[in-house]
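There are 2 protein chains.
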Amino acid sequence: MPKSSIDLSQIKSPADIKSMTLEQLETLAAELRTPLIRKIASHGGHVGPNLGFLEATIALHFVFDAPADKLVFDVSHQTYVHKMLTGRINAFLSPEHYDDVTGYTNPGESIYDEFSIGHTSTSISLASGLAKARDLRGGNENIVAVIGDGSLSGGEAFEGLDYAATLGTNFIVVVNDNQMSIAPNHGGLYDNLRELRETNGTARCNYFRSLGFKYIYVPYGNDIHSLIQAFNSVKNSTEPVVVHINTTKGMGLPVAERDKETFHFSAPFDPTTGEPLNPAKHENYIDAFATHMLKRMANDPRICTITAGTPGAIGFSPQRRQAAGKQFIDVGIAEEQAVGMASGMAKGGCRPVFGVCATFLQRAYDQLSQDVAINGNPAVFVTFYGGAWGMNDETHLGFFDVPMITGIPGILFLAPTNMEEYTAMLDWAIDQTETPVVIRTPCGKVTHADRPVPTDYSNIGYETVEQGSDVAVIAAGDFMSLGKSATLLMREKGINPTLINPRVLSHLDTTTLDTLKTYKTVITLEDNSLDGGIGQKIAAYLGASPVMVHCLGLPKAFPNRYTPSALLASCNLTPEAIASLAC
Amino acid sequence: MPKSSIDLSQIKSPADIKSMTLEQLETLAAELRTPLIRKIASHGGHVGPNLGFLEATIALHFVFDAPADKLVFDVSHQTYVHKMLTGRINAFLSPEHYDDVTGYTNPGESIYDEFSIGHTSTSISLASGLAKARDLRGGNENIVAVIGDGSLSGGEAFEGLDYAATLGTNFIVVVNDNQMSIAPNHGGLYDNLRELRETNGTARCNYFRSLGFKYIYVPYGNDIHSLIQAFNSVKNSTEPVVVHINTTKGMGLPVAERDKETFHFSAPFDPTTGEPLNPAKHENYIDAFATHMLKRMANDPRICTITAGTPGAIGFSPQRRQAAGKQFIDVGIAEEQAVGMASGMAKGGCRPVFGVCATFLQRAYDQLSQDVAINGNPAVFVTFYGGAWGMNDETHLGFFDVPMITGIPGILFLAPTNMEEYTAMLDWAIDQTETPVVIRTPCGKVTHADRPVPTDYSNIGYETVEQGSDVAVIAAGDFMSLGKSATLLMREKGINPTLINPRVLSHLDTTTLDTLKTYKTVITLEDNSLDGGIGQKIAAYLGASPVMVHCLGLPKAFPNRYTPSALLASCNLTPEAIASLAC
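Protein sequences, first through last, are from chains A and B.
If you count the first sequence from 1, you need to add 32 to reach this note's numbering.
If you count the second sequence from 1, you need to add 32 to reach this note's numbering.
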């Protein structure tokens, strides 16, 4: 146990730890861990990644001289301690300042943060650019990329390693191997990492050496002394080197060490028992997806659910994965592989359903286009967290899936507005074998159908939910509730609007749209970036008609940590603002 | 030399070679090579990849039993011999049938073609899906993915290998190592491949083994006997295995063996001298880009040109690359790395310019969004072959870059209409340090400015090229010539149109658009897929005004081997059709 305590509030920059003894650094580690756990448990956040990388962060800042030396953190969800050591400790000591910092690195927050990062597997590419720029400038700073084992399965991480190995100058990759991705790792590479751990880094097969890196193994990656030694040995290295450190995810918090998957990221929880503080169990679409897929898979061995490293985000707990058996496939964080493989599986007679966060599907744009759409292979994609109520970090927005997917020919894109429509669309998509289908899981509060929903979506058009005249509101997906509220307000004002559920986003129902050409006003509502969305397509189709078209949707922007209600209000996405357009 | 000749026209399917002796197969190889060279030289096509993989194709079809066994070819530009052996030989023997087949695999053409493939690095993912489907079905066919060394640098190839290594069942990857990408390879992996070749496959470091594959090396990859032995030894393998074959790109055609880069793909040429048959040297934008970049780089060591494995496509011949020295960077076929690194270089104070085919930039959508746009790092991207006059294979269309890029916040997207505007935009983009910029290189005939062009594009809006009234034509990029022809026709009809060059595609010039609200008609012309393009954005902006808006552009479709003039006519993109909208 540490002997003397440190006044954490006095740590203003890494300079404040440079003169510490090893014993003091160990004390510092212990003392940082307490407020760190306190904040994460009461506030929510990434648990395991930060606790496991605490000692390494201290050692990095002790050995390297940021911000002259550059530290680039993959995903950057493990940078809470980095923030504590770089002038932002108050955001971890004072509950009223908890929200002063974001959960990721952010150049707007600190000169110690090189990039705003949230998706995986980017750190090596970004850092290789800093190294290349340094070499062209004739600089001599150290460039350090920190990447977790889970992120190594992403294609950009490989492309980065492959190229960076040829730099011929200083380039340090710290592989933080905690033997876990968000969930357990998948891929042949992970057998190699295990072999390297088991042989103390001496195994004949070595992924990093095969790409041309020098290689160092640190068996005790939570031991500050070992880490300092290792980092000192590569500081000012004149060639690319990998420092492979073996860390314990969730280190120092027993519940997080025990259940690494649950405590990768957690909403507020009791740090002793691990129980969630707000275990609200509303009905939700994610559970419904997983339950429905389990039912379908049990009755047909050709049906599979695929994830790219985020089983929890699509409702597949370890128990559900076990129930699904070999029909549940986790390819690791490798969306390109997930999409390409899904196309091959569909071609091979299976019915693959890739469940994926909207923000991550964009990592496989080319595969959606080339591997799937050009081939017309009937794979099914179900997106989650799309729209205003999805994740609200600037790096994880679900605003852009609709413009992206509707721009690709040959993909049928469906937007259910309620639970019954959702499962009906899912069933139809699985059962048909004609076309690739994307289904956008609603993200707001669950609603239920007040009318029968179709079972066949093969030639589906728009549904007229309320028949009126003169004014039409076309409300897609999640925004059907908003559309209903707006049309209700209009009725109160004596207007008799038509309310339309477009159901399909990838093409226009021109028959229905033709009936609107004689209307006075058409208003489109969509829970995604307006630019490239369906409103603009409808406006263009109706462009040569006298009808006035108003398109409402989310901004083409990267708002960070926004409040959904405020964002919607700023876009005139309130019943009142919508209704006023009809006057 | 072969002793007896074979009637090639009688080869209807692989069954026709199954009973041949080794000597007959060698005769077959020699006899296939002659018409193959004749067709490629007179017709144009992929030279080196097909000549180098001729013997391997024979051996694959001799050993495996397609179409029951599945052969998936990466890029599929090396499948001319595969087509010759699978019922399509007439398309290689009779000049009048040369165009009966495309240059890539195509399921519409033959049951022996599993997928339509044109982009690199996808074969392993696609084939892994076929393998997974086979396993779920309980099948026992062989699944074979063929991939060139150059394609291994792409992220999807890594993701595919990493996952496929864990299949635990039959999965065969044939690595066709001809020691070349399109141009020389770049990446640490290629040192490992060299080491493997130099040690007859026994080197301690082995990329494939590190990922968990069994591994076989074939030193003479153009020797049918060696290949048959190797393929027989892995046929019905019960685990994933890599067969690494060392081939000679361009084998059997001296000019192609000598100059592998020039003869990767070639327009029609004299097979003896290698000289192009139609050496038309019009002024073109690609040469202008390379020449201009060389001039800029010579005067500023911070300026760099980046390619992802396609230096020739952006005008950088070996001589120009040599002149650029370390300021020219080829990352290999690794667009994600190119974009991520460009962001890092811009952050590090350099001025990176990534030149890339429009169809390949979509391989880095997530990197454009996350690594570049969210960070606002002022990297420059210059796209080529965008629009109707770009590449016309369904897998290489340049229709979709505009919807894709205009959907991403924070990227300034410029569309020059002539040479002077092009170089001025390039100069400005390089000199500024405020924002990421994409410049869309025109693809049609070079035109020159008949008016001065601005030097500052930081707050650029639309340019009114011809001031008229009532009717406005907004003609973007390449389509300015078309817009001019259309307005000329209108004038002949007594209409006085306004002609506008939007210059910027990523946002609207609402000041100019506001002046059009009182017009009768606005017509937008864009050389890209209409869906998600600028016309729909303009139509939406003007949607609440009485002005009629007509949007014209390319279809949201994957037309294959289309004729530009016919495609444009089918989209009403002729001066006459456009002018008729103004009546």
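Any given hint might turn out to be false.
[What the hints assert, rightly or not] Which bits of chain A does chain B cover? Going by a derived footprint, with three or more residues having C-beta under 8 Å, they are:
#, stretch
1, 54-67
2, 231-244
3, 348-361
4, 460-471
5, 492-502
6, 556-569
[To be verified] With a Cα cut of at most 30 Å, we get these calculated DSSO-like pairs of lysine-lysine:
#, chain 1, residue 1, chain 2, residue 2
7, A, Lys-246, B, Lys-246
8, B, Lys-549, A, Lys-549
9, A, Lys-552, B, Lys-549
10, A, Lys-549, B, Lys-358
11, B, Lys-267, A, Lys-358
12, B, Lys-246, A, Lys-358
13, A, Lys-267, A, Lys-246
14, A, Lys-246, B, Lys-358
15, A, Lys-267, B, Lys-246
16, A, Lys-552, B, Lys-358
Everything labelled a hint here was simulated from the structure, so no lab data went into it.
All C-beta atoms in this analysis are idealised placements derived from N, C-alpha and C, irrespective of residue type, glycine included.
Check your understanding: Mind checking, does the stretch 348-361 of chain A have 3 or more residues with a CB under 8 Å from chain B?
Key -> Since 3 is at least three, the answer is holds.
Exercise for review: Count residues of the stretch 556-569 of chain A with a Cβ under 8 Å from any Cβ of chain B, then say if the count reaches three.
Suggested key: Our answer is that it holds, as 7 residues pass the Cβ test (under 8 Å) against chain B, meeting three.
**Study point:** Outcome, coverage hint (the stretch 460-471 of chain A, chain B; C-beta under 8 Å; three residues)
**Key:** violated (count 0)
Check your understanding: Are the Cα positions of Lys-246 (chain B) and Lys-358 (chain A) separated by 30 Å at most?
Key -> 23 Å, holds
Review point. Residue count check for the stretch 231-244 of chain A against chain B: does it reach three with CB-CB under 8 Å?
Key: holds (count 8)
Exercise for review: Between the stretch 54-67 of chain A and chain B, see if three or more residues pass the 8 Å beta-carbon test, and mark the coverage as holds or violated.
Suggested key: violated (count 0)
Exercise for review: Take a quick look at whether Lys-549 (chain A) and Lys-358 (chain B) sit within 30 Å of each other, Cα to Cα.
Suggested key: 60 Å, violated
Check your understanding: Between Lys-246 (chain A) and Lys-358 (chain B), is the straight-line Cα distance small enough, at 30 Å or below?
Key -> 23 Å, holds
Practice item. Given the hint that Lys-267 (chain A) pairs with Lys-246 (chain B), test it: the Cα-Cα distance must not exceed 30 Å. Key: 37 Å, violated
Point to revise | Hint consistency between Lys-267 (chain B) and Lys-358 (chain A) [alpha-carbon to alpha-carbon, up to 30 Å] | key: Within the cut-off at roughly 25 Å; holds.
Practice item. Could you grab the alpha-carbon distance between Lys-549 (chain B) and Lys-549 (chain A) and see if it respects the 30 Å cut-off? Key: 19 Å, holds
Check your understanding: Is it true that the CA of Lys-267 (chain A) sits at most 30 Å from the CA of Lys-246 (chain A)?
Key -> 13 Å, holds
Comparing the model with each earlier hint shows violations of hints 1, 4, 5, 10, 15 and 16; every other hint is respected.
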